[in-house]
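Novice: Taking the hints into account, I'd like the entire structure generated from these sequences.
2 protein chains.
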Amino acid sequence: MLFFPSLNKLFVIMKLDQILDMLGNDTRREILQLLSEGPCYVSQVSQELNVGQKAIIEHLKLMHHAGILETRDKKIEKGRPRKYYGISQEVILEVKIGHRLFDISDISPVFDNELLKTFPKLEHITAKLEMLSHLTEKDRMVELESIYKQLEDERDDLDTAKRIVEYFLGQVNREIQSQKLEKELSDIGF
Amino acid sequence: MLFFPSLNKLFVIMKLDQILDMLGNDTRREILQLLSEGPCYVSQVSQELNVGQKAIIEHLKLMHHAGILETRDKKIEKGRPRKYYGISQEVILEVKIGHRLFDISDISPVFDNELLKTFPKLEHITAKLEMLSHLTEKDRMVELESIYKQLEDERDDLDTAKRIVEYFLGQVNREIQSQKLEKELSDIGF
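Keeping their order, the protein sequence lines are chains A and B. To convert a position in the first sequence, counted from 1, into the working numbering, add 9. To convert a position in the second sequence, counted from 1, into the working numbering, add 9.
Bear in mind the hints are in silico, worked out from the structure with no lab data behind them. Mixed in with the good hints, there may be bad ones.
Treat identical chains as interchangeable: a pair holds within one or across any two.
Think about it this way: if two alpha-carbon atoms lie no more than 30 Å apart in a straight line, the pair counts; the simulated DSSO-like pairs of lysine-lysine are [said to hold, decoys possible]:
hint	residue 1	residue 2
1	Lys137	Lys189
2	Lys83	Lys126
3	Lys70	Lys158
4	Lys92	Lys147
5	Lys126	Lys105
6	Lys158	Lys126
7	Lys87	Lys24
8	Lys189	Lys84
9	Lys24	Lys192
10	Lys83	Lys63
11	Lys158	Lys105
12	Lys84	Lys130
13	Lys70	Lys87
14	Lys92	Lys70
15	Lys158	Lys24
16	Lys83	Lys70
17	Lys63	Lys87
18	Lys192	Lys92
19	Lys70	Lys137
20	Lys158	Lys84
21	Lys126	Lys70
22	Lys137	Lys158
23	Lys130	Lys87
24	Lys84	Lys63
25	Lys189	Lys83
26	Lys24	Lys70
Treat the numbers as computed from the prediction; the structure is a model and nothing was measured.
Specialist: Right, here's the structure in full:
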């Protein structure tokens, strides 16, 4: 059994601009959603989404070229091997648009033991993962589900904290700009 | 002087799918980046980006229709008033693509006093904001810049924590799936 298999390190370098180009299409978003559940071959995708094969092939090729999708050939009993398309790697990207704010960034999952130490709550949750091997199979499953739930809660908390930080960053930025403007005006005698 | 002006509450409801459609184009991303620095009129945008006015007008109309941009007429000395385009509101969106993971969500800035209490470090930073009015103008500016820096650091920390949480969520999810598969296989006698 693979216990926490290491992620594929041979990440394709994906350009965020290219990913946004790919995401700017309804059918391609639907394809990505479908493939996130598992690899499919062309006619499967075409049937699931009720979109012609020719269009599906075009979209799949584009996304493969952009590095979001990977392909794998699978032998079948008769005929040529089937080409399966799947998500190549996890990617999380964040787009910020606002006043004096424009940023597209890659916030894909990472692991860093050093950084983990600065988040005691998180370290506590993940420490439980190391205890798993001492458990019976049934208890391990219960514990895994419980850890998953805790991680989800932690993610929600972090999202909330982030949204609040962004709110204050916006407010403080606006205040700084307005103070600067006031100073400029008073400097020229208004 | 407006001190922390309240945000415009009349938010246009933006559909995330529509925003992604808008973001899926290089010129539109460039327009958004330009307008994040301040409102512009058509020929300004056209000159700055070195793209024909006809194409610019088309892109601006699309983004206005999608609710990302707002317009404002500004009188000029001679001739018709000039139509300025600007970012309508701050929006932060997050796209996650991976194995058993597909999510597009709006994580735009929010403020919630109740939630703030659960983040002591954040509450500490924001408490300083309330002390600002006691300061001289010069000290206030220094303090604002310092708070801004702290908030940025906090945002970086939260981003890091989130990426680590996402990493573990992926790992735990894979482990759960592999345990389920093992159980299924053993149930049918493998």
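Novice: Decide, hint by hint, whether the structure agrees.
Specialist: Status of the hints after comparison with the structure:
In this assembly of identical chains, the alpha carbons of lysine 137 and lysine 189 lie at most 30 Å apart only when taken from different copies (20 Å versus 50 Å within one copy). In this homomeric assembly, lysine 83 and lysine 126 never come within 30 Å of each other (Cα to Cα): the closest approach is 43 Å inside a single copy and 54 Å across copies. Taking CA atoms no more than 30 Å apart as the test, lysine 70 paired with lysine 158 passes in neither setting, with 36 Å inside one copy and 44 Å between copies. Taking the shortest Cα distances, lysine 92 and lysine 147 never come within 30 Å of each other, neither inside one copy (37 Å) nor across copies (66 Å).
Taking the shortest Cα distances, lysine 126 and lysine 105 sit within 30 Å of each other both inside one copy (28 Å) and across copies (25 Å). In this homomeric assembly, lysine 158 and lysine 126 come within 30 Å of each other (Cα to Cα) both inside a single copy, at 21 Å, and across copies, at 22 Å. In this homomeric assembly, lysine 87 and lysine 24 never come within 30 Å of each other (Cα to Cα): the closest approach is 39 Å inside a single copy and 46 Å across copies. Only between protomers do lysine 189 and lysine 84 lie at most 30 Å apart by alpha-carbon distance; the minimum there is 25 Å, versus 67 Å within a single protomer.
With identical chains, the CA atoms of lysine 24 and lysine 192 are never at most 30 Å apart, being 41 Å at best within one copy and 39 Å at best between copies. Taking the shortest alpha-carbon separations for lysine 83 and lysine 63, only the intra-copy value of 21 Å comes in at or below 30 Å, while the best inter-copy value is 49 Å. Taking the shortest alpha-carbon separations for lysine 158 and lysine 105, both the intra-copy value of 28 Å and the inter-copy value of 18 Å come in at or below 30 Å. Taking the shortest alpha-carbon separations for lysine 84 and lysine 130, neither the intra-copy value of 47 Å nor the inter-copy value of 56 Å comes in at or below 30 Å.
Taking CA atoms no more than 30 Å apart as the test, lysine 70 paired with lysine 87 passes inside one copy only; the shortest distance there is 25 Å, against 53 Å between copies. For the homomeric pair lysine 92 and lysine 70, the shortest alpha-carbon distance inside one copy (12 Å) is at most 30 Å, but the shortest distance between copies (41 Å) is not. When the C-alpha separation of lysine 158 and lysine 24 is checked against a cutoff of 30 Å, the pair qualifies only between copies, where the shortest distance is 28 Å, while the shortest distance within a copy is 32 Å. Within a single copy, lysine 83 and lysine 70 get their C-alpha atoms as close as 18 Å, which meets the 30 Å cut-off; across copies the closest is 47 Å, which misses it.
In this homomeric assembly, lysine 63 and lysine 87 come within 30 Å of each other (Cα to Cα) only inside a single copy, at 23 Å, whereas the closest approach across copies is 55 Å. Taking the closest pair of Cα atoms, lysine 192 and lysine 92 come within 30 Å of each other only across two copies (29 Å); inside a single copy the shortest separation is 65 Å, beyond that limit. With identical chains, the CA atoms of lysine 70 and lysine 137 are never at most 30 Å apart, being 42 Å at best within one copy and 53 Å at best between copies. In this assembly of identical chains, the alpha carbons of lysine 158 and lysine 84 never lie at most 30 Å apart, being 38 Å within a copy and 56 Å across copies at closest.
Neither within a single protomer nor between protomers do lysine 126 and lysine 70 lie at most 30 Å apart by alpha-carbon distance, with minima of 42 Å and 49 Å respectively. In this assembly of identical chains, the alpha carbons of lysine 137 and lysine 158 lie at most 30 Å apart only when taken from the same copy (13 Å versus 35 Å across copies). For the identical chains of this complex, lysine 130 and lysine 87 are neighbours neither inside a copy (54 Å) nor across copies (63 Å), given an alpha-carbon limit of 30 Å. Only within a single protomer do lysine 84 and lysine 63 lie at most 30 Å apart by alpha-carbon distance; the minimum there is 23 Å, versus 52 Å between protomers.
Proximity of lysine 189 and lysine 83 under a CA criterion of 30 Å is satisfied inter-copy only: 23 Å between copies versus 63 Å inside one chain copy. Within a single copy, lysine 24 and lysine 70 get their C-alpha atoms as close as 16 Å, and across copies as close as 27 Å, so both meet the 30 Å cut-off.
Hints 2, 3, 4, 7, 9, 12, 19, 20, 21, 23 from the earlier list are contradicted by this structure; the remaining hints agree with it.
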